[in-house]
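> Use the sequences and the hints to build the structure in full.
In the order they appear, the protein sequences are chains A and B. For what it's worth, this note's numbering labels the leading residue of the first sequence as 1, then goes sequentially. For what it's worth, this note's numbering labels the leading residue of the second sequence as 1, then goes sequentially.
Treat the hints with caution; some may be incorrect.
Per the computed footprint, the stretches of chain A lying under chain B, defined by three or more beta-carbons under 8 Å from a beta-carbon of chain B, are [unchecked claim]:
id, stretch
1, 39 to 53
2, 106 to 112
Here are the simulated BS3-like pairs of lysine-lysine, each with C-alpha atoms no more than 27 Å apart in a straight line [stated by the list, open to error]:
id, chain 1, residue 1, chain 2, residue 2
3, A, K71, B, K96
4, A, K40, B, K3
5, A, K44, B, K91
6, A, K36, B, K101
7, B, K101, A, K44
8, A, K36, B, K104
9, A, K36, B, K3
10, B, K96, A, K9
11, A, K36, B, K96
12, A, K41, B, K3
13, B, K104, A, K40
14, A, K67, B, K91
15, B, K101, A, K40
16, B, K3, B, K69
17, B, K101, A, K9
18, A, K40, B, K96
19, A, K41, B, K91
20, A, K44, B, K104
21, B, K96, A, K52
22, B, K91, A, K40
23, B, K96, A, K44
Derived, one-sided and incomplete: chain A residues facing chain B with beta-carbon distance under 10 Å [as the list claims (entries may be wrong)]:
id, residue
24, F90
25, C91
26, A92
27, S94
28, E101
Keep in mind the hints are simulated off the structure, nothing from the lab. It should be emphasised that the depicted structure is a prediction, and the values quoted were computed from it without experimental measurement. Built from N, CA and C at the ideal position, the CB exists for glycine as well.
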Amino acid sequence: DTAVSQTPKYLVTQMGNDKSIKCEQNLGHDTMYWYKQDSKKFLKIMFSYNNKELIINETVPNRFSPKSPDKAHLNLHINSLELGDSAVYFCASSQAGTGGETQYFGPGTRLLVL
Amino acid sequence: DAKTTQPPSMDCAEGRAANLPCNHSTISGNEYVYWYRQIHSQGPQYIIHGLKNNETNEMASLIITEDRKSSTLILPHATLRDTAVYYCIVKGGSEKLVFGKGTKLTVNP
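Right under this line is the structure:
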């Protein structure tokens, strides 16, 4: 059983297209995240949702719009794709509690914009 | 910006202990030390975390100095599958995870 799953695993598309990446977690966690890892391997947070509410929104272009239909899902929709959007996108989830908070990551979606 | 400093790379022989250091001299009292790793082409994987006491789990041990300004992640018997980038992260309760450049650990046969 995959705790955090993402689809698709690979996504190749043309500039200007609109695409979505889906994420699901079966851990019962309240918080979900999207991270972007660029070609230089820097991993940076983009968004965080807690119980379907946006709590972290880094300086991400508004072409990126996360949507959380329920607390087990956090999808990422990207409009008007640009070359610079090519990266690996990771979804993660966590459950806050005493003693710290552990994040569990999905396998990643490799996006290539041509 | 990451609040930690790690060596960019380390090597370890298979079967030996891998000791990965991390400096976090500006850590606050309520901040935990977390270790994650990223094996090539995979998502980051949680390893261990601690506040001030040493911690051990099935993957590793975490040794935190008494002043909490540095820590060491210990993989007791490194295998080839432990080759990865290891990230030491300092984080308080609701703060976001900030990944630095990490340490690229190569386990050699």
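> Looking back at the numbered hints, which does the structure fail to meet, lowest number first?
none
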